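Enquirer: Build the full structure now, drawing on both the sequences and the hints.
Going down the list, the protein sequences come from chains A and B.
Here my numbering is used: the first residue of the first sequence is 1, the next is one more, and so on.
Here my numbering is used: the first residue of the second sequence is 114, the next is one more, and so on.
Since the hints were made in silico from the structure, they are not lab data.
What you are looking at is a predicted structure, and each value in this text was computed from that prediction instead of being measured.
Note that CB positions come from ideal geometry on N, CA and C, so glycine has one too.
A couple of the hints might just be wrong.
16 Å max Cα-Cα, derived EDC-like pairs, lysine to aspartate or glutamate [as the list claims (entries may be wrong)]:
1) B:122 / A:38
2) B:212 / A:38
3) B:212 / A:56
4) B:212 / A:59
5) B:170 / B:193
6) B:178 / B:145
7) B:135 / B:180
8) B:128 / B:167
9) B:170 / B:145
10) B:170 / B:192
11) B:128 / B:194
Derived contacts from chain B toward chain A, CB cut-off under 8 Å, selection only [claimed, not checked]:
12) 146
13) 213
14) 217
15) 218
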Amino acid sequence: NAGVTQTPKFQVLKTGQSMTLQCAQDMNHEYMSWYRQDPGMGLRLIHYSVGAGITDQGEVPNGYNVSRSTTEDFPLRLLSAAPSQTSVYFCASRIGVSGNTIYFGEGSWLTVV
Amino acid sequence: AQRVTQPEKLLSVFKGAPVELKCNYSYSGSPELFWYVQYSRQRLQLLLRHISRESIKGFTADLNKGETSFHLKKPFAQEEDSAMYYCALRSSGGTSYGKLTFGQGTILTVHP
Numbered sequence: 001n002a003g004v005t006q007t008p009k010f011q012v013l014k015t016g017q018s019m020t021l022q023c024a025q026d027m028n029h030e031y032m033s034w035y036r037q038d039p040g041m042g043l044r045l046i047h048y049s050v051g052a053g054i055t056d057q058g059e060v061p062n063g064y065n066v067s068r069s070t071t072e073d074f075p076l077r078l079l080s081a082a083p084s085q086t087s088v089y090f091c092a093s094r095i096g097v098s099g100n101t102i103y104f105g106e107g108s109w110l111t112v113v
Numbered sequence: 114a115q116r117v118t119q120p121e122k123l124l125s126v127f128k129g130a131p132v133e134l135k136c137n138y139s140y141s142g143s144p145e146l147f148w149y150v151q152y153s154r155q156r157l158q159l160l161l162r163h164i165s166r167e168s169i170k171g172f173t174a175d176l177n178k179g180e181t182s183f184h185l186k187k188p189f190a191q192e193e194d195s196a197m198y199y200c201a202l203r204s205s206g207g208t209s210y211g212k213l214t215f216g217q218g219t220i221l222t223v224h225p
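Expert: Below you can see the structure in the form of structure tokens.
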């Protein structure tokens, strides 16, 4: 049981490049989400999914796309990277909307130059 | 809209001193509140939730609906308590049911 696995851990992108942050969980959790962590801003919700085939926007969705084709995977796509997207990204999952315990990935450090 | 405010970005105390990390919230319904902790080089993890009224690692937090606060307290801080602490609110109903909002985080440093 690996929990929540994120890849890559570190990435440097040039402005305008695209990339996908991968997230997988092996706990059969329905609810998955992506956050970004910035100094002084805390954790802000980018996108979330309440189950396979269902996604919705969080607080800061602009510049990001997600999909949920399976229960296990919830990739986050940056379509055209901008320096403002330099951040630490966390994927998280919980059993359902009312699940009390959130399981976080280790984080992905992204720098856009 | 729901909001969580942690007014202190940084908090420093000496070992053995009491510590209080402040959290205030804004929410129109009945809030569900949590404290999450991130130790150095570790994942963010749940510390405690208000509904269980538990004490974890000596920490307690009481929901004060009158003051809309959920401060985290420990009577005698230890060096291993040094970490980033996040207060979080989960909406309990409506169209944003289950949405979790985090505060800005407080970095606690406990000096020897």
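Enquirer: It remains to establish, for every hint, whether it holds in the given structure.
Expert: Hints versus structure:
Between residue 122 of chain B and residue 38 of chain A the alpha-carbon distance is near 12 Å, which keeps this suggested pair within the 16 Å criterion. At roughly 19 Å between alpha-carbon atoms, residue 212 of chain B and residue 38 of chain A are farther apart than 16 Å, so this suggested pair is violated. Restraint check for residue 212 of chain B and residue 56 of chain A: the C-alpha separation of about 11 Å stays at or below 16 Å, so the hint holds. Restraint check for residue 212 of chain B and residue 59 of chain A: the C-alpha separation of about 10 Å stays at or below 16 Å, so the hint holds.
With a CA separation close to 10 Å, the supplied pair residue 170 of chain B and residue 193 of chain B stays within the 16 Å bound. Taking the CA atoms of residue 178 of chain B and residue 145 of chain B, the gap is near 11 Å; set against the 16 Å cutoff, the hint holds. A distance of roughly 12 Å separates the Cα atoms of residue 135 of chain B and residue 180 of chain B; the hinted pair therefore holds under the 16 Å criterion. For the hint pairing residue 128 of chain B with residue 167 of chain B, the CA-to-CA distance comes to about 23 Å; that exceeds 16 Å, so the pair is violated.
Distance restraint check for residue 170 of chain B and residue 145 of chain B: the Cα-Cα separation of roughly 21 Å exceeds the 16 Å cut-off, and the hinted pair is therefore not satisfied. Pair hint residue 170 of chain B plus residue 192 of chain B holds up; C-alpha atoms about 12 Å apart against a cutoff of 16 Å. Restraint check for residue 128 of chain B and residue 194 of chain B: the C-alpha separation of about 9 Å stays at or below 16 Å, so the hint holds. For residue 146 of chain B, the interface hint is violated, since its Cβ never comes within 8 Å of a Cβ in chain A; the closest pair sits about 11 Å apart.
Given the 8 Å rule on beta carbons, the hint for residue 213 of chain B holds: about 7 Å separates it from the nearest Cβ of chain A. Taking 8 Å as the C-beta contact cut-off toward chain A, the hint placing residue 217 of chain B at the interface holds, the least distance being around 4 Å. Annotation: interface hint on residue 218 of chain B holds; nearest CB of chain A at approximately 5 Å, less than 8 Å.
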